[in-house]
Amino acid sequence: MKKVFINGCGVISAQKTFDNKAFLEEVITYNDRVMPVVNPVYKDFISGGAARRMALGVKMGVVASNLAMQDAQLDSVDAIITGTGMGCLIDSEKFLSKLIDNNEEFLTPTSFIQSTHNTVGGQIALGIQCKGYNFTYVHSGASFESALLDAQLQLSSGEEENILVGGVDENAPHTLEIHKLIRFVKEENTDTSSLLESNTSGAIFGEGAGFFTLSTKEQESSYAQVIAVETLNTLSKENLEERIISFLEENGSNVSEIDAVILGNNGDVDFDRYYNLLSEGVFANTQQVYYKHLCGEYNTASSFGFWLGAKILKTQSIPEVVKLNKKQTSTLKTILLYNQYRGENHSFTLLKQC
Amino acid sequence: MEALKEELKNKIIEQLNLEDVSVDEIADNDPLFGEGLGLDSIDALELIVMLDKDYGIKLSDPKEGKKIFESIDTMATYISENSPK
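Protein chains in written order, with UniProt numbering: chain A, 1 to 354; chain B, 1 to 85.
Take the hints with a grain of salt, since some may be wrong.
[To be verified] 27 Å max Cα-Cα, derived DSSO-like pairs, lysine-lysine:
| id | chain 1 | residue 1 | chain 2 | residue 2 |
| --- | --- | --- | --- | --- |
| 1 | A | K333 | A | K2 |
| 2 | A | K314 | A | K21 |
| 3 | A | K98 | A | K2 |
| 4 | B | K66 | B | K5 |
| 5 | B | K67 | A | K94 |
| 6 | B | K58 | B | K5 |
| 7 | B | K85 | A | K98 |
| 8 | B | K66 | B | K11 |
| 9 | B | K67 | B | K53 |
| 10 | B | K11 | A | K98 |
| 11 | A | K43 | B | K11 |
| 12 | A | K94 | B | K58 |
| 13 | A | K352 | A | K333 |
| 14 | A | K98 | B | K58 |
| 15 | B | K66 | B | K53 |
| 16 | A | K314 | A | K16 |
| 17 | A | K94 | A | K180 |
| 18 | A | K98 | B | K5 |
| 19 | A | K3 | A | K131 |
| 20 | B | K67 | B | K85 |
| 21 | A | K323 | A | K352 |
| 22 | A | K352 | A | K3 |
| 23 | A | K314 | A | K217 |
| 24 | A | K131 | A | K217 |
| 25 | A | K21 | A | K43 |
| 26 | A | K94 | B | K11 |
| 27 | B | K5 | A | K352 |
[As the list claims (entries may be wrong)] Some chain A residues close to chain B (C-beta under 8 Å, calculated; not the full set):
| id | residue |
| --- | --- |
| 28 | F45 |
| 29 | S47 |
| 30 | G48 |
| 31 | G49 |
| 32 | R52 |
| 33 | R53 |
| 34 | P109 |
| 35 | T110 |
Think of the hints as simulated: they come from the structure by calculation, not from any bench. This one's a predicted model, so the numbers in the text were calculated from it and none came from an experiment. Using N, Cα and C, we set each Cβ at its ideal position, and we do this for glycine too.
Required output: the full structure, derived from the provided sequences and hints.
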């Protein structure tokens with residue numbers, strides 16, 4: 001089996017993460033229920049003609065993938081694999097609103113064409129003229145990990161050499177309103193710097209895109225090695241620790257070898273219990289890291305966590321703003337990521353230093 | 001007629017998301033497709049729907065569109081001669 005390396009990153013989020021030279025030196029805090037993204041200058045990457053039909057999610061995906069390829073010094077890839085929980089929501093809402101407003105008449109093609117879940121993967125392929133494997137996974141909170149797992153399997157089995165893999169989700173007004181009504185979004189504005197102390201239900205929603213070039217070849221720009229990915233649609237709190245220990249054992253590791261655990265806490269008092277079980281239990285003596293106070297919650301927010309893990313391993317440093325506890329580690333060799341959304345779609349990702 | 005031309009320019013910019021184009025930059029006889037404004041076949045469909053929705057004109061023969069959508073001038077002339085509104 002071939003090794004799988006992360007050779008390039010491109011992340012657009014509520015922080016200025018599109019600058020690959022920086023690593024959370026400047027952090028933006030929000031006091032809100034929803035976090036917007038910090039946009040790069042899209043026109044630097046996408047021509048005006050192409051951009052005029054692209055909603056935010058497509059633009060973010062195209063630019064994030066472009067940044068990931070630049071970072072890995074690649075002009076082309078063998079495959080593009082995208083994860084998205086909600087797809088191109090802005091154009092979906094636009095199309096459906098027109099359908100209702102115009103009594104099912106006068107339907108224009110643009111928003112329909114751009115509304116499909118695989119629009120992002122398609123636009124990336126058009127931009128770089130990639131005619132290879134192009135797949136989009138829509139698996140709710142495990143969409144990014146599903147894409148990652150596909151990429152890891154294809155690379156380790158030697159089917160491909162370089163794969164662009166990423167997660168992208170955008171907010172749209174109507175869907176956001178529904179999530180507020182059902183209280184998946186917090187009812188009150190919350191200061192992101194004290195998100196985990198909010199003690200209330202719901203999460204601060206966010207949006208973003210995280211793309212990565214994965215390769216079978218290690219190079220100077222390599223961030224980390226992807227050892228294993230696992231997704232579980234359902235997992236009870238009672239079985240969580242046991243499942244994580246088994247995952248580590250299956251991949252030749254154990255709890256004591258984990259130098260940092262990156263957890264997906266989003267400040268939702270009803271579902272952070274999963275993370276608390278680990279931070280107070282099996283990983284009580286491990287350096288704990290969290291990130292959703294920086295990017296918000298969305299179906300592919302874990303791509304931000306993946307970026308964080310890769311950056312930590314490459315730079316051998318953990319920014320203070322993401323530290324959940326104060327356990328010191330001299331070297332950072334192995335990182336475990338754990339994420340779930342509302343008690344479902346659990347994922348474990350194991351990364352190692354190159 | 002001048003008011004209609006101005007209205008069409010505004011609608012084209014808004015509906016086709018031509019963010020970098022202003023009304024002043026579109027001359028009445030500029031070609032809308034190809035070398036002029038650079039519109040394409042998807043835009044043509046958007047314009048056909050616009051004619052129907054906003055001016056009550058249904059294009060039964062798509063070939064007609066080629067002449068009608070040549071420029072703002074040709075569009076405005078066709079609308080003023082055929083719109084029931």
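Do the hints match the structure? See the list:
A distance of roughly 19 Å separates the Cα atoms of K333 of chain A and K2 of chain A; the hinted pair therefore holds under the 27 Å criterion. Under the criterion of a C-alpha separation no larger than 27 Å, the hint pairing K314 of chain A with K21 of chain A is consistent with the structure, at around 12 Å. Between K98 of chain A and K2 of chain A the alpha-carbon distance is near 50 Å, which puts this suggested pair outside the 27 Å criterion. Proposed proximity of K66 of chain B and K5 of chain B is supported: the alpha carbons are some 18 Å apart, at most 27 Å.
In summary, the hint linking K67 of chain B to K94 of chain A is not supported, as the alpha carbons are separated by about 30 Å, beyond the 27 Å threshold. Simply put, K58 of chain B and K5 of chain B have alpha-carbon atoms about 19 Å apart, close enough for the 27 Å limit, and the pair holds. Restraint check for K85 of chain B and K98 of chain A: the C-alpha separation of about 22 Å stays at or below 27 Å, so the hint holds. Distance restraint check for K66 of chain B and K11 of chain B: the Cα-Cα separation of roughly 19 Å lies within the 27 Å cut-off, and the hinted pair is therefore satisfied.
The straight-line distance between the Cα atoms of K67 of chain B and K53 of chain B is roughly 20 Å, inside the 27 Å bound, and the hint therefore holds. Note on K11 of chain B and K98 of chain A: the hinted pairing holds, with a Cα-Cα distance of about 16 Å set against a maximum of 27 Å. With a C-alpha separation of about 23 Å, the suggested pair K43 of chain A and K11 of chain B falls inside the 27 Å cut-off, and the hint holds. Pair hint K94 of chain A plus K58 of chain B holds up; C-alpha atoms about 23 Å apart against a cutoff of 27 Å.
Among the hinted pairs, K352 of chain A with K333 of chain A is consistent with the structure: their alpha-carbon atoms are about 6 Å apart, no more than 27 Å. The suggested pairing of K98 of chain A with K58 of chain B holds, with an alpha-carbon distance near 19 Å, which does not exceed 27 Å. Straight-line distance between C-alpha atoms of K66 of chain B and K53 of chain B comes to about 19 Å, which keeps the hinted pair within the 27 Å bound. Of the supplied pair hints, the one linking K314 of chain A and K16 of chain A holds, its CA atoms being roughly 19 Å apart against a limit of 27 Å.
Proximity of K94 of chain A to K180 of chain A is assessed by CA-CA distance (about 19 Å); at most 27 Å being required, the pair is judged to hold. A C-alpha spacing of about 25 Å is found between K98 of chain A and K5 of chain B, which places the hinted pair at or below 27 Å, so the restraint holds. Taking the CA atoms of K3 of chain A and K131 of chain A, the gap is about 24 Å. The hint holds against a cut of 27 Å. A threshold of 27 Å between alpha carbons decides the hint, and for K67 of chain B with K85 of chain B the separation of about 22 Å falls inside it, so the pair holds.
Annotation: proposed proximity of K323 of chain A to K352 of chain A holds, straight-line Cα distance about 19 Å (limit 27 Å). Using a Cα cut-off of 27 Å, the hinted pair K352 of chain A and K3 of chain A holds, with the two alpha carbons roughly 11 Å apart. Of the pairs offered as hints, the one joining K314 of chain A and K217 of chain A holds, with about 16 Å between alpha carbons and a cut-off of 27 Å not exceeded. Straight-line distance between C-alpha atoms of K131 of chain A and K217 of chain A comes to about 22 Å, which keeps the hinted pair within the 27 Å bound.
Under the criterion of a C-alpha separation no larger than 27 Å, the hint pairing K21 of chain A with K43 of chain A is consistent with the structure, at around 21 Å. A C-alpha spacing of about 17 Å is found between K94 of chain A and K11 of chain B, which places the hinted pair at or below 27 Å, so the restraint holds. At roughly 63 Å between alpha-carbon atoms, K5 of chain B and K352 of chain A are farther apart than 27 Å, so this suggested pair is violated. Checking F45 of chain A against chain B: minimum C-beta separation of about 15 Å lies over 8 Å; hint violated.
The beta carbon of S47 of chain A is not positioned within 8 Å of any beta carbon in chain B (closest approach about 10 Å), and the interface hint is therefore violated. For G48 of chain A, the suggested interface contact is upheld, since its CB lies about 5 Å from the closest CB of chain B, less than 8 Å. Hint on G49 of chain A holds. Least Cβ distance to chain B is approximately 6 Å, under the 8 Å limit. Because the closest C-beta pair between R52 of chain A and chain B is about 4 Å apart, less than 8 Å, the hint holds.
Nearest Cβ of chain B to the Cβ of R53 of chain A: about 7 Å, under the 8 Å cut. The hint holds. Nearest Cβ of chain B to the Cβ of P109 of chain A: about 5 Å, under the 8 Å cut. The hint holds. Among the interface hints, the one on T110 of chain A holds; its C-beta lies about 6 Å from the nearest C-beta in chain B, closer than the 8 Å criterion.
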